[in-house]
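Q: Take these sequences, add in the hints, and give me the full structure.
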Amino acid sequence: MQDQQLAKGQETLFDAEEMVLNMGPQHPSTHGVLRVILKLDGETVVGLDCDIGFLHRGVEKIGEHDTYAMITPYWDRLDYVAAVSNDLCYVEGVEKMLQVEVPKRAEYLRVILTELQRIASHLLWLGTHAMDIGAVTVLLYCFREREEILKIFEDFIGARLTAHAFRIGGLWWDTYPEFEPRVRDFLKILPGRVDEYETLLNANRIWLQRTVGIGILPAEEAINLSLTGPLLRGSGVKYDVRKAQPYSAYSDFNFEIPIGENGDTYDRYLVRMEEIKQSAVIIEQALDGLPEGPVMAKVPKIIKPPVGEIYHSIEGPKGELGVYMVSDGTGKPYRMRIRPPSYINLQSLKRMAIGHLVADVVALIGTIDIVLGEVDR
Amino acid sequence: MGDETKDTSNQSADKGSSTEKSDAGQPDIPETKELTAGASEGGESKRPSQPEAVGAQPQAPPSAEEAGAAKPSPPTAAAEKPAPPKAAPAAGHKPAPPPKKGPTVTVDITAGDALIDRIRERFGEAVTEAVATLGQQIIRVKKESLIELCNFLHDDQEALFDMCTDLTAVHWPDRAGQEFDVVILLYSVPKNRRLRVKVSLADGEACPSVTAIWAGANWMEREVFDMFGMRFEGHPDLRRILLPADWPGHPLRKEYPIEYRDNEWTDKHIEYREIDYDTSLIDVKYAQRR
Amino acid sequence: MQAILATLLFVAPDWVVRLTRERRPNAFWAEYIVWPAIQIVVVLFIVLTLVAYLVYLERKVSAFMQARLGPMRVGPWGLLQPLADGIKLLLKEDIIPIKADRAVFIVAPIISVVSALVVLAVIPWGAAWATIANINIGLLFILAVSSVGVLGLVLAGWGSNSKYSLLGALRSSAQMVSYEIGMGLSIIGALMFARTLSMSGIIDAQRLDGMWYLFFQPLGFLVYAVSALGETNRAPFDLPEAESELVAGYHTEYSGFRWALFFMAEYSAMIVTSAVAVTVFLGGWMLPGVTGTSLFGFGPISNPTLHTFASIIVFAAKIMLLIYAYMWFRWTWPRYRYDQLMELGWKWMIPAALANIVLTGIWYVLALPESQGGVFGFMHEEKGRLIPNRWAGIAYFIVTAFVVTIPIVWGLLVTINRRSRDFNLHDQRQLQMQLRRERLEKMLQEQPRPAETGLQ
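Residue numbers (the numbering used here), protein chains in the order written: chain A, 24 to 400; chain B, 15 to 304; chain C, 10 to 465.
These aren't lab readings, by the way, just hints derived from the structure by calculation.
Computed from a prediction, not measured in an experiment: that's the story for all the values here.
Note that the Cβ used here is the ideal one computed from N, Cα and C, for glycine as well.
Careful, some of the hints might be misleading.
Stated by the list, open to error - Listed next, with one range per pair, are the computed distances between beta-carbon atoms:
# : chain 1 : residue 1 : chain 2 : residue 2 : range
1 : A       : Lys-321   : C       : Arg-82    : 52 to 62 Å
2 : C       : Val-83    : A       : Asp-275   : 53 to 63 Å
3 : A       : Ala-226   : C       : Leu-100   : 43 to 53 Å
4 : C       : Met-442   : A       : Pro-96    : 36 to 46 Å
5 : B       : Pro-258   : A       : Pro-96    : 24 to 34 Å
A: This is the structure we're talking about:
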C-alpha cells in the first residue's frame, strides 16, 4: 500500500523507471527495526517513507494503568541505550508535580550518572555511525570505553543497559566507596581515547567526503521540523534544555553548548564529539562539588500528585526528552505522553535524504541517532 | 519555565487567590461540567456551539471510515453509555476528583502577562481559558480560531513560537461534546519560553492541522490519529503510523481495554497463507531430495 | 647440515623432473602434462589453504587493530578455525531462492572462482621451475582472464532476483570496468622499461636494470595499488558488497559453499593482484642478498633448487606484505560512496595513469643513447636490450619519477578537478546548501501556509 502511495504523485527526475527498495526492518544499518521504503532512480533517492511501529509496546497506555512508581522501569526501556537519562525525565516530572525538593547530593549524583550516560550513548552513536559509513574499527574502540561506563553503572545500579537508576524523590542507594575514583579514572583516560577516534575520522579524506555537505538542514528548517538535540545544534541553533531551562543541578556547572555552522552530517558529528568532552567537564565539576547528605527526599509511600498537568523535559542524548502528564488526583496518571526525541527527529530523514544516494541514507539514519525502542514506544 | 514567567504566575496566583478563592478550583481539567457551566466568559459562547457539535456528530462516522482506518467507536457511545467494556478504570478515575480537594496547582492567568494579554485582546472570546499549572501557561482556544492563533503565535514578534515541541491529545470520555483535548506544546527558541495551546473537540470531530505552520507536527498528528482516531483536516499524509493499517480501534481512548486486544489481529495475520509462487519448483526440489 | 637439509627438503622436485624425463622417453608428456599437473596440484593446494588462512589472518589482523583477540577457541590461537569454517560451509544446506534463475545462480560463483584460479597459472612464484606456464604474454593473460571474474558477480546479482543483489551487481560491473582501465594503464610505464609481457621476463628485466620498477614508476605503483583495491572489491572500495547499505551486495542470497566460492574468488584475486604488483613493481622473487650462489652472505650454494625455494619464500613474503596492507586499509578507512568511487576512478586514476605514460615516455626518449636519438645518453645497449647506466641512468630515472613526474601530475589533476565535487569539499557544501534552499522554496510554493483560513 505504501509502495503504491509512494509511486503515486511524486515527480520524477527523468523518464526512467524507478525501483522501490525496501530497507529493513531487517537490515544491518537501520539500527533495529526501522523500515525505510526508498524510491530510487538509479541510486538516487527520489522518494522515501519510514514505516515504524514494529517495536510498539503501548507504553503510554500502560502508563495509564500503573501507579507512578511502577511506571519508572518502563522508561528504562524507551531509549535503551540511555536508560538513565530517560529515568531522569520521568522522575523529575513526577517530582515537579509533587513539588518535592530533591536533596542536593542526589541532584549531583543524577547529573554525574546522566552525563556518563550521555557519553555512553554518544559513543555508541559514534561507533555505529562510523560503521555505517564503513569504518568498522571505530565501533570497537567506542565499545571499549562504553564498557567502562557500563561497569560503573553495573556496580552502582546493578544493571548495565536498562539501568533503573533513579526513584521518585532521589536515589535508592548512595554511592559505593570506589565510585568516585573510578569515575575519575575514566575521565582521565577519556580525552586520549576521544583523540584516538578523531585521529581516525576528523581529517580522514573519505570520512569528509562522506559527511560534508550531506543532509544539510538550515536552522529555520530544523526548528520548523521540531528537531532537538545535536541535530538542531548542528544547524547552528544554540538550544539545549540544560542551559535554556536548567533542571536538576545543571545551573551549578559551567559548560559550553557546542554548535555547528552548516547543519550537515559532519557538523553534527563534530557537535557530538564536543558534547562528549563537555559532559566530561560537567562530571568533573559535579565530582568536585559533590555534597554530603541524604540522597532521598521525603516522598509519600503512595504517590498522588494534585490535580493538574505538567510538561517536563530534559536534554537527553538524542534531543529533548519530555513527559506530559495529566493527573486527576489518583495514584495513576490520567494520561502520560512521552515526547520521544528520536521519533520526532526521524521525520527529518525524508527532508534530508531526497536527492542523495542510497549510501547517504544510511549515513543519515546514523546521524539522526535513532533508537527504535524510543521511536516506537 | 523561565524565571519571569514563574514570577508572573506567582503574582497571578496571588491575585487569583485573593480575589475569588472558589474560582481557582474551577478550571481544573477533570471538572468539565462545572467548567462549561460556570466559566466566566466562555460559558455563554460555548453553549450555542454545543448543539452544533451534536449536529455534526452523525456526519462524523462515515468520514472517519473514509480515512481508511478502523472504525472508531461511535461517538454516541461515549456520550450516552457510561462505560463500554473496559471503561471501568476510566469511570473509576472520574468520580474521584470532587472529594479530593488536594492542593490545587492550577490558577487563572488574570492579568500581567504581556503575551497572554495580547492574545486575549486579539482573539477575545475565542480564547476560553488561560491558566497556569505549576508555572506553565496554558491557553484553551476554540477550534475555529486554532489556525489563526497558531499563525499569530508563530509570526508575532513578541511570541515567535517557532517550534512545536509536541502535539498530543487527552481523552475525557465524560465530557459530553468535548471528549478530546488536543494539546499543542510550543516553544520559542528566541524568547526561550513555552506555551501550551489546547483545543476541545467532540468525538468524531476533526481538528485543523497545524502541519503547514510547524512541519514537525506531521508525525505527531499522525500518532494522535493513530492512537485516538481523530482526524486532522489539511494534514498532507494522514495514515496510521505506529500501529498496522488494519488494527482495530484506537488504543489511547479510555474505552479501549488494555488486555486481549491484539489477539484478533494476530490471529488474522499469523494464519498460513498460500504463496503464489511457482509451486512446481518446490515439488521438483523436494522430489530430488528424496 | 645445510646440505642435508637442502637434500631432504629441496631435491625432490629435481628428482621428479629427472624421473619423468628418464622413465618417459616422450619428453612432451614430461614437460607439458606430468610436471605441470604436479605443479597445478601443489599451487592449488597451497593457494586454497592460503585463502582459508587469509580469512583467519584477516580476522586476527582486524582483532589486533580493534583491541580484541579474534578467533581463539578452535585449536591453539584459533589456528584450526579455517578448517572449522570450511566444514561448516560444506555441510550447510544449499539454499536457492525459488524465484532465482537457477542456472545463472549456480554458474555465477563457478565463473568467479575459475577466473580467479586460472590466473594462478602464469604467476612466477619463484625462480626457474616454479612457474606453471611461463608464457610470453603472461601479464596480458592475467588482465584478460581476471576481468572475466566480473561476469560472475553480474550474473550472481542478476540470477538472485533480489534488489540488493542487483544493485551490488550493477555497482561491481561499473566499478570493475572503470578500475580495470586504470590498472592496465598504470602498468604500461613499467612495461616501457621491461619491454616484455612475460611475467618472469619482467622480473629478469628488473634484475638487469639493477632497480625495482617501484622506484622508476612510483606513480604507476600508486595508481596500480588503488586500482587493485577497486578491482578486488576491497575496502574502501567494497561497494558491491557494502554491508551497511546493500546487506551483502551480489552475494546476499548465497549461502553455504556457493558463498564460500565467492569468498575464495575474492581472496584469490587479492593474491593475484598482489602477485602482479610484486612482479611488475617490487622485483618479483628478487631480494638483495638472495642470489643463485649465496643466501645473505652464506654460501657459496650451488644447489639451484635451494635458490628456487628461497625465491618462492621471498615472493610469498612480498605478497603477504601487500595483503597485510590490504587488510590494514580495510580496517582503517570508511567506505567510498558510489559516485565518489567513479570520480576517483575516472577523474584521478585514469588521467594520472595517462599522464604517467606520457611523461615516462618523454624521460625514456630523452635518456636514450645518442646513437638512437636521445639527449642525455643515460642508457646503453647490452645483450640486445637497453639498460640504464649504472647509477647515473638509474638516478636519472628515479629523480625524474619522484621529483618531476609526481608534482606535474598532481598539479595537472588538481587543475582538472578544481571544480569537482569530490575535491573541493567547501564548494560541495555550498552547492548542497544552495540546492536545499531551492528545494525548500519550491516546497513552500507548492504547499503554502493557510494563513487566513481561520475565522475572522
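Q: Next, verify each hint and record whether it holds.
A: Cross-check of the supplied hints:
no.	hint	verdict
1	A:Lys-321 with C:Arg-82: 52 to 62 Å	holds (55 Å)
2	C:Val-83 with A:Asp-275: 53 to 63 Å	holds (55 Å)
3	A:Ala-226 with C:Leu-100: 43 to 53 Å	holds (47 Å)
4	C:Met-442 with A:Pro-96: 36 to 46 Å	holds (45 Å)
5	B:Pro-258 with A:Pro-96: 24 to 34 Å	holds (27 Å)
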